Amino acid sequence: MATPLRLAALLLVLVAAFASAARADLVVSRADRKVDLTSHIVRVLTSLKVENAGSEPVSKVLLAFPNIQAKNLAAIRAFGTEGKVKGLSSVLPIEVVEPSGVPPELTFFSASLHKPLQKGKILHLDVLTVFTHFLQPFPEEITQADSQLVVFQDSSHYLSPYPVKVQTLSIRLPGGRVESYTKYGNTKLVDSELKYGPYEDVPPFSYNPIIVHFENNNPFAVAKELIREIEISHWGNVQITEHYNIVHGGARLKGEFSRLDYQSRPYARGVSSFRHLIARLPARAHSIYYRDEIGNISTSHLWSDSKKTQLEIEPRFPLFGGWQTTFTIGYGLPLQDFVFSADGKRFLNITFGSPMEEILIEKLIVKVVLPEGSKDIDVSAPFPTNQWQEVKYSHLDIAGRPVLVLEKPDVIPEHNLHFQVYYKFNNISLLIEPMMLITGFFLLFVACIAYMHTDMSISKNSPSYLAKLQWDEVQATVQQIQGIFHQCLAVHDKLETSLHDLSRTGDAKSCKAARKAADAQFKELAKELKPLLLSVQSSPQSYQIWPKLDDLVAKERELQDKLMARHATVVDSVEKKQRGQDIENRISSQQQKIAALRQEVESLLEYLSEI
Amino acid sequence: MVCSWGGYTFIINLIPMHVLLCIVTGRYSSRLYVAYAPLVVLGTLLAALVPVVGFNAVLTSEHFASFLVFIILHVVALVYYIKGLLTPRLFKVAMTFVLTVGLALCLAVVAILAALVASSPTKGWSGRSLSLLDPTYASKYIPIIASVSEHQPPTWPSYFMAINVLAFLVPAGIISCFLPLSDASSFLVLYLVTSVYFSGVMVRLMLVLAPAVCILSGIALSEAFNVLTRSMKFQRPISDDTLPTAGDSTPGSSSTATITTSTKNANIKKEKMGTISKERSSKKSRKETELVGSSPVRPEKEEKLCVLPSEASAMGILFLIMLCGLYVIHCVWAAAEAYSAPSIVLTSRSHDGLHVYDDFRESYAWLRHNTEVDDKVASWWDYGYQTTAMANRTVIVDNNTWNNTHIATVGTAMSSPEKGAWEIFNSLDVKYVLVVFGGLIGYPSDDINKFLWMVRIGGGEFPHIKEQDYLRDGNYRVDAQGTPTMLNCLMYKLCYYRFAETDGKGFDRARRYEIGRKHFKLTHFEEVFTTQHWMVRIYKLKPQKNRVRGKLKLKLKSSSKTSLMRKGAGKKNPWQ
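Line by line, the protein sequences are chains E and R. At the far end of the first sequence sits residue 790, using the working numbering, and the numbering has no gaps. At the far end of the second sequence sits residue 577, using the working numbering, and the numbering has no gaps.
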């Protein structure tokens, strides 16, 4: 608290020296300052009426701030209108200047006018300045039951390099207790509004310190660091992931935290803490999540309508002074709402800051991840930022995705303006990754096919390899043999059917013909069978199957003979016109044998096929 | 396996048992030798590479069975080898020789082992294995093993919950394993029997039981389906062909082979045991006549014996499919509700919807973000790993229960009065103490209910903690009947600090009575965080008072000196 007083003394000494040096042609005929102290971000709106009293036209207006204020200055904007009536105002460019012969305790900004102010003309100038870390908690440590008191320091006189004719200052307080405030002659406290002035004819650089000590229990939400990652996918999505590291920037909690007190009297005990944060997301945000490093946080609410999506998140625990927490929120946005194309280039147009309400971000890092293959990257931001480029590797990336990083300290809701990232991107590049996958799998299958069709064994004459080859050969022959036997069985069936026909029609001739044909077929098959059997027998691998095969051949031969014999007897007896019963009797013994043989042959065949 | 779980001892004892069984039943083959001998050698070497096991792989009793069987196997292998070399007469002589030498060797090894084992107090067995072999062992000697809920014997409902329908299929599976008892199926039966026993001792060994049950009921199901579908398949020719035989009895029609077999089947079904035995005997005689081809024929014949009527088999198949479907539904339900529900996030359904109790993570997040990185947190060991992982803070004890003394120390601190506890915690460099308290919302598995185990484990190492001091007539309670030791201990105080002010009476919802001591103050601890539902309460050790009456002067002197020095140092700094 001593600093402003010392500063004021210094200033008073310096005023006389500098007054002459200042360009005294401008006179501020009226200055109204409105200071808003309702949140932890201090907003000062200064309305100036500037008159050119000199003879030369003036093109620049100087604005002065003490250094301690200037270092907390997060944003400054000036709007100017010329003429008596307040009309359409235009934004004036502002830059830091260092005029010669000024005290080093002051920082000067100059607002350049669009056209010089002529002699005798009046300019209405509105200057909005936003300060962070301006309200100092005092005392710095409070208990759970205390409410948070903060100190605000400024000057009741508008600090200006120009003489000020009439000026007022009004300070809006958040309501609640006001511990103390500096009282001067015309100071009034009405409700929650503190008024100083009007003061008349104040010389340049006059500084009249005031201190307001008041209660402010609004959430002092400060994000130590916010990393905002905006990832563009041209498949139709803009994915935003925000990593917050939030701390309660107010008076630190000392002593116990009692849940009992907090729950039973939440307004009295724990008034300085905050539970909720509200984020206003764009209208068509989808797939919203809220999590931290140990999983999903279940305390959040979401409302959405056609204009906006409102997300109310509650950290895992209420934040008291000095407590901190980290979390991540993420959401997807439709591509067509944020990425546009203009003269051969595409550009992303999206807000810079955080969607949270009344949050101060000490360090904001915005990373714009462009799709792989983007070129000619260019950015246009409404305020100066640190910029550099990185490369991010995601799934199936070869060259990596270009990442444009923007960094800015002390970001406040006033910085929530749109910025643009221009880049060139060819839609063909979208297909690279699917094509890569397709080719990969295709090559894999081709390799598999090639592997199956090539002989990879190292030694071509090792015994096991040879044995395997022989075994394969034997199997192939056995299959052929099986085929032949199945043909044989089919012939047997044919004979049976011919007998059936005989019993119905009594046509012995055709039956005989069938037998003859069958006989021929049997012979043919036997001829085919011979070399195959020989080859199996000669193979050393066939010792397992050979007995079975031998058996099979013998059984089949027997079956053939039996069948033929029965066929012959039946046909004979039909020719001799014997009765059905007699025939039955004659062949019944054969019948049983045939059936048994047939079954054995079939089971043998089955056994062979199982090998 | 050794890397992941101490349960590997089960496997390395089960396999030797199976090998022994094979040898005893005369199923020794070179395959068995090839499979087992390298397993023992390589397995032991690899197991010894795991840091936790190390030389235990050859030193503890759990591993001896495998070595013993290894020796026996070699003896048997030698016997078989000699048998192949020598004539029967010579073989007998040789075998007696080898057997005597082998037995002597075995006996010698056993004797050495017995001597070694007898010299160690636990007979070379680790506590866990002993508590498996003797279910009452742990509760007698090692309270820390008995204190874990998953080391308790399971109840019948938990069996049904875990394996459901499979419980009924397993006996069938055992029967079908015995039908032709092969090496593999004998292993399965052995596996099942041992794992049923072990799961009966500890509920968490249900994990060991699960694969055995799955395999066996799979066998049962496949056998059942096999029988039913086969009977469906062989039914069809009967129904097709009996009609023509009944209708027209032409000489040719009855001569097909299928009809004879099917009528035979029908005969068998109609007639009773007598014909079946006759059929069998005839089959046997035929088998003798057939030289080689009998083997494929035999099973088919037997299969044909157990043909069921088609309606019954269709019903059976439907029933089995339904059973399987129900089981799938049960499994999905169990996986979703019982196994996937995290015990760290609790939910309760009430008339106004789902209520989530996320208190554990709330407290861990608080610890993670609002304490110094190198602060140490003391809590009961159940929450050790959680705290390490989620709060990223060093803990004094965690779920690794190899070191019993540390856990006993924390147990002692929790059961001591405030000052003694403060001294213990301070000596351990603890900054925060975390307790879990379910009295406000009725969460039963909180620290008060676990407290008796803390007393027992602490008393096991520090005899001044006596369980009797905390029990009133053998009953554990924290209401007005509670003993003064109980109502004065740190755990009670930390849990119920300012609890009575919530409803004025201090009604504990988890234990359903009013607490004994309602209004008290903490002198050595201060509450720093309590979660929304009071489930986790975190206390901070108050710093030691630095002024002691009588030593005031001396202290002052030294403190002024240090402060002077500090000032000097502070002044020096800017010029550096």
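In short, the hints are calculated from the structure, not lab data. Bear in mind that the values here come from a model prediction, so they are computed numbers and not experimental data. Just so it is clear, CB atoms sit at the ideal spot from N, CA and C, and this is done for glycine as well. Among the clues, some could well be false.
Here's a subset of chain R near chain E, in silico, CB distances under 7 Å, partners left out [to be verified]:
1) V357
2) R362
3) N371
4) E373
5) A501
6) E502
7) D504
8) F508
9) L523
10) E527
11) V529
12) H534
Taking the hints in turn, this is what the structure says about them:
About 5 Å separates the beta-carbon of R/V357 from the nearest beta-carbon of chain E, less than 7 Å, and the hint is met. A hinted interface residue such as R/R362 counts as satisfied when its beta carbon comes closer than 7 Å to some beta carbon of chain E; here the least separation is about 6 Å, so the hint holds. A cut of 7 Å between beta carbons decides the hint on R/N371: the least distance to chain E is about 5 Å, and the hint holds. Hint on R/E373 is violated. Least Cβ distance to chain E is approximately 13 Å, over the 7 Å limit.
Taking 7 Å as the C-beta cut-off, the interface hint given for R/A501 is violated, the closest approach to chain E being about 10 Å. With 7 Å as the threshold, the beta carbon of R/E502 comes within range of chain E, its nearest partner Cβ sitting at about 6 Å, so the hint holds. The criterion of a C-beta within 7 Å of any C-beta in chain E is not met by R/D504, whose closest approach is roughly 11 Å, and the hint is violated. Of the supplied interface hints, the one on R/F508 is violated, with its beta-carbon coming no nearer than about 15 Å to a beta-carbon of chain E, more than 7 Å.
With a cut of 7 Å, the hint placing R/L523 at the interface with chain E is violated, because the nearest CB-to-CB distance is about 9 Å. Given hint, R/E527 at the interface with chain E, holds; its Cβ is 5 Å from that chain's nearest Cβ, closer than 7 Å. Nearest Cβ of chain E to the Cβ of R/V529: about 6 Å, under the 7 Å cut. The hint holds. Evaluation of the R/H534 hint against chain E yields a violated restraint, the C-beta minimum of about 9 Å exceeding 7 Å.
Of the numbered hints given earlier, the model fails hints 4, 5, 7, 8, 9 and 12; all others are met.
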